[in-house]
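Spelled out, the chains give:
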Amino acid sequence: MVEADARILLDWDALEVGETFETYQYLLTQEMIDTYRQGVMDPEASFPTISHKVDVKQYNAKYRDAGSVNARCAFYCYNPPVAGKTITVRAWIADKYLRRGKNYIVTEAVSVDEDGRLIDRVITHELKQPTEVGKKWGG
Amino acid sequence: MGRLVRAYEVGDEVPPLIKEMTQEAINLFEGSSGELEASQFTDEETARETLGTEGTVASGRMSLSFALELLRRYFGSDVFNHSGTVDLRFLRPVRPGDTITFTGAVTGVSREVNGSRVSVDIKVENQRGDTTGVGQGSAVVPNAFLPQDE
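Going down the list, the protein sequences come from chains A and B. Residues in the first sequence are numbered consecutively from 1, following the working numbering. Residues in the second sequence are numbered consecutively from 1, following the working numbering.
Calculated from the structure, these hints are not laboratory results. Hints may contain errors.
Cut-off 25 Å, straight-line C-alpha distance, at most; resulting in silico cross-link-like pairs (BS3-like, lysine-lysine) [claimed, not checked]:
id, chain 1, residue 1, chain 2, residue 2
1, B, 123, A, 135
2, B, 123, A, 136
3, A, 102, A, 135
4, A, 96, A, 136
5, A, 62, A, 128
6, A, 57, A, 102
So that you can see chain B by itself, here it is in the shape it has in the complex (with noise of 0.2 Å):
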């Protein structure tokens, strides 16, 4: 991937991110590890007798690589996977049939010792309009990355 040069300013928007949960996805996530036991997010009484709810819910962490790849997209894969960070709470379950739209706006940038450090802010919503998510990201933008003027 060639370098992406670009200045950033507080305010700036993260080009959204959609994805739309199956339950065939949950399944490959959580058995790409190489573990196959039933969980609340594989099978449905395990999540009845675990959360008390009808049916499976996604793991957190699958909108935690959905994070990541909302800002990845955004600073280059050079940049952040690197030097990026993600800080997400979960604030409502995502499930099979949902669609989840990431959304970002850059709240800061901060001079660092060999480049700037770029902050934004995520949202997470479902179809309905619900907030699943909210958190913050970061990646730090060396100086060869910024435009010269920077």
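Just chain A, with the same shape it has in the complex (with noise of 0.2 Å):
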């Protein structure tokens, strides 16, 4: 039996700037680590935060909508993180905005760990009716 999704379907024009989500907590381990640094090709890579996506995590376990397409994203340096501590996040709507006809929601997110170390901080930009896109890229 297939469950019933039982998120709100977005109403861009009533989704309030301000809007905090509930914290979201996992626990970074080393294989997730190892993984990302696998992925991205650098044995380096220190903040493997970043594939957690966590600025869009509540946002999606709160609202369903058609998908959407990352147009921009910043990204502040505080910490590497560290295996083994459990990481909370903080994330909520900071701007929504309407360009050239097409929906934007801003998303931001401060990632904290367990020892109160502040790990980063990130500001997605995305595009929320991503078949324009994917027309604009000619498929």
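Can you join these two chains into the complex? Each is in its own frame, and there are hints to help.
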């Protein structure tokens, strides 16, 4: 039996800038770090938190939409995370805007580890009509 | 890693970084968080449905990771991992089979309380010469990492 999707259908007009999501926590393992480093082909890659996409994780847990395309991403490095530590993430809707008739949502997240070390901050601009770019990209 | 003492000037070029994208690398990146659901990055059918593309694309966050590597190599991890920033706009898709080259140049050096903020323009091109991303990055280089006459 397929479980019903209980998430809220995104109403871009009604979405409030400043909406803060429930705190999200995860344990960062050495395996996650190693796999991330293999994926980015960089044995010294220091911020495996990037692939966790924590800024949109809680948004995606609450809302459903037609998907998205990452249009812009800003990242601030503070301290590389350490394996075996629990990371706590606070994320919120930082902005939304309309450009060339397309809807964008800006999410922001800050990660801190269990010792209170600030890890990183990420700000992502997502286009909420992904098929529009597919057309532009020419299949 | 030893301390990298170096002067920075506007116009200095950042040594390029070249990455060859494969579906395997994309799958590793996407799976490294423990999420194994099919997505536009890992599954052609999902990419067709979501984006209308014929094949998968790489997440912009992979390009973001590469841009961080470009600047970490340039500034040194002691500096960049504690003060680095990257702000990247994604202009065209990066697909499996693409070779992408990251380049950069210093655009500004400004004094801060405990060092100098060095700003860099970043450009990403694929093997066809198409620009797939542009942006800026920076790091605050502490005085101890700058030549004494700085």
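Okay, the hints, checked on the actual structure:
no. : hint          : result
1   : B/123 x A/135 : holds (24 Å)
2   : B/123 x A/136 : holds (21 Å)
3   : A/102 x A/135 : holds (13 Å)
4   : A/96 x A/136  : holds (22 Å)
5   : A/62 x A/128  : holds (15 Å)
6   : A/57 x A/102  : holds (22 Å)
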